[in-house]
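Participant: Sequence:
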Amino acid sequence: MTPPTSTSTPLVMGRIWALLWGALGWGVSASFAGAAPLSLNDLLDRVDTTSAELQEHDAKIDEAQALLDQVLGSSGPSFSMRLFAGPTSKARGDQVTSPDSQWRLSGLSDWEGLDFSVIQPLAGFGRFEAYKRAAEANIVMEEAAKEVKRAELRQQVRALYFGAWVARDITVLLQESLDRVEKAIGIVEDALDEGNEDFSSVDLLKLKSGKGKIDGFMPQAKAAQLMAVEALRGLLRLGPNETVELPNYPIQAPSLPADALAVLQSRALEQRPEMQQVAAGLAATQALSDAEQANGRPVAALALVGSAAHAGNRSRIDNPFINDPFNHLYGTVLVALQWEINMGVHDAKVAQAQAKAAQVAAKERFARTGIPLQVMQAYYETLQYNETVKGFRDAYKAGNQWLVAAYADFEMGVGQAKEVFDALSEYTLNRVAYLQAVYALQLSTGRLVQAVGGDKDDR
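Using our numbering, you'd call the opening residue of the sequence shown number 12 and step up by one each time.
Keep in mind the hints are simulated off the structure, nothing from the lab. Since the structure is predicted, the reported quantities are computational estimates derived from the model, not experimental observations. Among the hints, erroneous ones may be present.
Stated by the list, open to error - Think about it this way: if two alpha-carbon atoms lie no more than 25 Å apart in a straight line, the pair counts; the simulated PhoX-like pairs of lysine-lysine are:
1. K71 with K160
2. K367 with K408
3. K219 with K429
4. K429 with K408
5. K143 with K71
6. K160 with K374
7. K143 with K374
8. K367 with K143
9. K219 with K194
10. K160 with K194
11. K71 with K429
12. K143 with K360
13. K360 with K374
14. K222 with K101
15. K233 with K222
Please build the complete structure, drawing on both the sequences and the hints.
Facilitator: Printed below as a string of structure tokens:
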């Protein structure tokens with residue numbers, strides 16, 4: 012057999028490995044035997060229960076709820092009380108005469124007292140209502156922020172899971188190619204031992220060179236699988252006996268969205284959590300602006316106030332027109348207006364609140380433009396990858412037919428080793444490229460679902 016010309020074997024296998032690593036850009040994992048295997052849906056559910064980032068958002072929601080409770084409590088009654096005890100000077104006599112002097116200590120007396128007030132706001136002239144609206148909107152903002160993070164984490168889990176699936180399929184493909192090369196090596200070795208001149212030692216060396224490349228790539232692929240397992244474990248805090256379950260069939264291309272682009276864009280503006288977040292932010296900043304303006308108005312309140320004091324070594328004066336701070340008892344109900352305002356500071360705070368509201372309004376306008384663009388980008392990206400999948404599917408199927416024919420000729424002794432290796436390389440390259448395209452299509456479909464504001468439990 013005529014020795015084949017150079018086929019750039021290292022370059023071909025290098026391209027295979029480059030495609031392999033390209034497909035594994037997000038990381039890959041493997042399925043190992045063990046207790047409690049977890050499917051994709053199980054892993055997605057774990058995001059809600061194990062993510063520290065979502066737990067942080069839960070704490071922020073609790074904080075926002077507590078702020079609302081504080082606002083609601085500010086319109087309720089407040090109670091203030093002061094108790095005291097201490098010494099004071101002795102005093103005898105009445106309001107007209109006394110043997111004691113204000114400027115000379117003639118003895119000591121005990122002194123005890125109590126001051127208290129109960130105040131119930133009646134009207135804040137828009138202040139309390141505005142703060143309540145702001146606090147309620149703040150809760151919606153935090154809840155929407157949690158949904159944004161939740162969607163991001165679920166997309167990360169999908170990327171890792173589909174990467175694991177692709178890696179498993181590529182490992183199977185490499186093993187399949189390795190088996191074919193080893194079988195071809197056996198055929199050539201047997202032929203050379205028998206003195207068959209249809210094969211040469213160069214054919215054997217080329218096949219062994221290809222086998223060595225595949226042998227080198229295989230442990231790297233397995234190492235990548237193990238790394239992705241640890242990535243999923245770390246992300247979802249999996250237990251030591253929990254394993255990732257991969258389907259027992261090759262990764263499949265997802266179906267395309269049934270709705271038109273315009274429908275998806277309209278839906279995104281309605282259900283994206285970012286839109287809910289910015290709408291709540293706009294409501295909150297506008298409410299804070301209203302509250303700052305209301306802070307320039309008084310607060311009307313109903314108050315019960317009282318005071319009592321006693322000094323045992325001081326004469327008690329019963330004349331109601333004389334006020335003795337050491338011996339007294341009084342209380343009353345008041346209707347009051349409280350008004351504390353610094354005009355310069357107040358105007359500046361109003362201006363700051365209005366500026367923040369304007370900033371959020373600008374973000375809202377930007378979101379209404381940017382979100383449809385995100386949907387459009389993800390939509391056309393999905394269509395593009397779908398066509399890429401179709402092209403490489405046809406290519407690897409044709410390559411497989413070529414490989415089958417070339418291998419059959421080789422086994423019968425009428426084909427060349429170069430033809431077998433070229434067909435095997437072409438098939439492997441196209442198959443890896445197909446798997447890479449399917450992986451990219453899965454991710455782009457997930458990004459489209461995320462861009463629209465929906466969720467998808469891919470199986």
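Participant: If a hint holds in the structure, say so; if it doesn't, say that too.
Facilitator: Hint check:
Restraint check for K71 and K160: satisfied, since their Cα atoms lie roughly 13 Å apart, inside the 25 Å limit. Taking the CA atoms of K367 and K408, the gap is near 59 Å; set against the 25 Å cutoff, the hint is violated. Simply put, K219 and K429 have alpha-carbon atoms about 12 Å apart, close enough for the 25 Å limit, and the pair holds. The hinted pair formed by K429 and K408 meets the criterion: a straight-line CA distance of about 20 Å does not exceed 25 Å.
For the suggested pair K143 and K71, the alpha carbons sit about 17 Å apart, so the restraint of at most 25 Å is met. Simply put, K160 and K374 have alpha-carbon atoms about 19 Å apart, close enough for the 25 Å limit, and the pair holds. Between the alpha carbons of K143 and K374 the distance comes to roughly 23 Å, so the proposed pair stays at or under 25 Å and holds. As the CA atoms of K367 and K143 are separated by approximately 18 Å, the hinted pair is consistent with the 25 Å bound.
Of the pairs offered as hints, the one joining K219 and K194 holds, with about 11 Å between alpha carbons and a cut-off of 25 Å not exceeded. Proximity of K160 to K194 is assessed by CA-CA distance (about 51 Å); at most 25 Å being required, the pair is judged violated. For the proposed pair K71 and K429, the alpha carbon gap of about 65 Å is over 25 Å, so the pair is violated. Distance hint between K143 and K360 is fulfilled; the C-alpha atoms sit about 18 Å from each other, no more than 25 Å.
Among the hinted pairs, K360 with K374 is consistent with the structure: their alpha-carbon atoms are about 21 Å apart, no more than 25 Å. As the CA atoms of K222 and K101 are separated by approximately 111 Å, the hinted pair breaks the 25 Å bound. Taking the CA atoms of K233 and K222, the gap is about 17 Å. The hint holds against a cut of 25 Å.
Violated hints for the displayed structure, listed by number in ascending order: 2, 10, 11 and 14.
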